[in-house]
Structures are given as C-alpha cells and as structure tokens.
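**Student:** Chains as they are written, first to last, in my numbering: chain A, 1 to 137; chain B, 138 to 258.
These are computed hints drawn from the structure, not numbers from a lab. Keep in mind the model is a prediction, meaning the values are calculated, not measured. Don't take each hint at face value.
[As the list claims (entries may be wrong)] Partner residues aside, some chain B positions facing chain A, computed with beta carbon under 7 Å:
| hint | residue |
| --- | --- |
| 1 | Leu151 |
| 2 | Met228 |
| 3 | Gly229 |
| 4 | Asp232 |
| 5 | Leu236 |
| 6 | Ser237 |
| 7 | Glu239 |
| 8 | Ala244 |
| 9 | Phe245 |
| 10 | Arg251 |
| 11 | Leu254 |
Yeah, the Cβ is synthetic: ideal placement off N, Cα and C, and Gly gets one too.
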Amino acid sequence: MAKHAALILVTLVLALGIATAAHAYDPSTPQTPWTRLSPDERRILGPLAQDWERLPGFQQERLISSARRYPSLQPIQKERFNERIRDWAAMTPEQRRAARETFQGLRRLPPEKQHELRERWLRERQGNEGRGRPSPR
Amino acid sequence: MNEKDFASKLKPWLDRSANAIGEMQATRLKAARLRAQDAYREPVRILGLITVPAGTAQTIQYTVVQRALLLLPILALIATLGVKSVQERDMGELDAQLLSQELPPDAFLDQDFRTWLSTQR
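With the rest of the complex left out, here is chain A (with noise of 0.2 Å):
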C-alpha cells in the first residue's frame, strides 16, 4: 500500500515539476486574437491593440493575466500602469525576464532599503535629466 501511495506522489511531483518548467516559456501556447477579449481587457490593454496580433500567445496569456489585476489597482497605480504597458511588451522576453528578477530581488529587501534605492535611482535620473544626459541604463 505504502508502495503504491509513494508512485502516486512520485508521479504528481513529476506533473508538477513538468508543468512548472513547460509553462515558464511556452513559445507553442496559441495566440489569442483581440476579438476573444472581454470589453474590459481590450480597454485595458488597449494601448497594445495595434500590437495585439504580433505578440507571441505566451506574452499575450501574461498581459491578459495583468489585466485581470488591473481593477484592483489604486488609481495612480491605473495610470502608471497605462504609461508603462507599451514599453513593457515592446521589451524583448529576456529584458522582461531581466525586468522580473530585479524586482522580486527588490522586492525581497526590507521596506526602509526598498525605499533608499528607488529614491537613488529616481535621483540620479532626475540629476541625469537635468544634465541633459539620458536616464541612467
């Protein structure tokens, strides 16, 4: 019996570690044509409209998933989020990569050293700006 509980295990720990990895970068996920959007995920998303048809189904599935948290969002974090969602998918999937890791690594910091560093990196910007020089890269 024990025997037999273990195999049932195994194989769902294999399922899951198979799905895991299969999912994090899945090139053949289908796409999904701007037509099968809700109303509201075409209003939030409609920013990429243009785009829409040329974004792998990968992509699509994550940005259709982020609207999906969007009605939750304060309202400066609406607007932010507006700005932002153009560049975001005009990004290559290992900047975006690159983009997640930062944060989670950001994220992963206490709050005060969380604060000091997004308030040194919007300063250098500002200082770079009013130089005249691009935005810190």
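Chain A is fixed; fit chain B onto it per the hints.
**Tutor:** Chain B in isolation, oriented as in the chain A frame:
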C-alpha cells in the same frame, strides 16, 4: 468417548479418504483451506477508528489501490492544470505589480540599479 479417542478412530478413515482424493479435488481443498485461514486471521483496526475482519481489510486495500491506479492519470492532469492556473495568476500578479509600482520597468534593467541592489543583499 473423549476427543482424543474420537480423533484416533477417525484418523485412519480420513487418511484413507485423503489417499483416494484426486489432484483436482486436493487443489480445491487446499485453496479452501487457505481462504479459511485468511478469514481466521486477526481483525484489523483501520486508523484506530473501526475494526474489520482481515479479509474485509484486504478487500478494501485492493479496491483502494485499484481505484488509485485508475485515478493516477486524472490526478496528474488535474495537478498540471492546477499548476498552470496558479502560475498564470502569479505571473499576471507579478507583472501588474511591476508595471504599477513607483519605478518604471527600465529601472530594473539599469546596470547601476542592479549593482546597488546586489550590494544590499
């Protein structure tokens, strides 16, 4: 007549009959004996809640194992779909947070920022 006398008188008759039994009948008798022994085993306590005869416990065990093996592919499929759904939710959540927080996404690609971050860890 006590039990011992009775057994000694009966034994030759049984032995003589046993010699006359064919192979097929002997096999069937042996199987019946094993079944009887099975049924006579100690009752089994399940999860400390109920006590059932050993034969019933074995039947339950076989049934559960058979069902579990049938359910295995279904469970694997459910697990896969579950993971996919949770991942989609988490990924969407992460991207939405990244796009809506104070710093623009390109800050997270900035080499200076990444260097500062690595020194904080």
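**Student:** State for each hint whether it applies.
**Tutor:** Structure-based check of each hint:
Taking 7 Å as the C-beta contact cut-off toward chain A, the hint placing leucine 151 of chain B at the interface is violated, the least distance being around 40 Å. Satisfaction of the interface hint for methionine 228 of chain B is found here, the shortest Cβ-Cβ separation to chain A being roughly 5 Å, below the 7 Å cut-off. Checking glycine 229 of chain B against chain A: minimum C-beta separation of about 3 Å stays under 7 Å; hint holds. Using the Cβ-Cβ criterion of 7 Å, the hint placing aspartate 232 of chain B at the interface with chain A is satisfied: the shortest such distance is roughly 4 Å.
Evaluation of the leucine 236 of chain B hint against chain A yields a held restraint, the C-beta minimum of about 5 Å falling below 7 Å. Interface restraint check: serine 237 of chain B against chain A, minimum CB-CB distance 4 Å, threshold 7 Å, status holds. For glutamate 239 of chain B, the suggested interface contact is upheld, since its CB lies about 6 Å from the closest CB of chain A, less than 7 Å. Restraint check, alanine 244 of chain B versus chain A: the minimum CB separation of about 5 Å is within 7 Å; hint holds.
The criterion of a C-beta within 7 Å of any C-beta in chain A is met by phenylalanine 245 of chain B, whose closest approach is roughly 4 Å, and the hint holds. Given the 7 Å rule on beta carbons, the hint for arginine 251 of chain B holds: about 6 Å separates it from the nearest Cβ of chain A. At its closest, the beta carbon of leucine 254 of chain B sits 5 Å from a beta carbon of chain A; the interface hint therefore holds under the 7 Å criterion.
Violated hint for the displayed structure: number 1, the only one.
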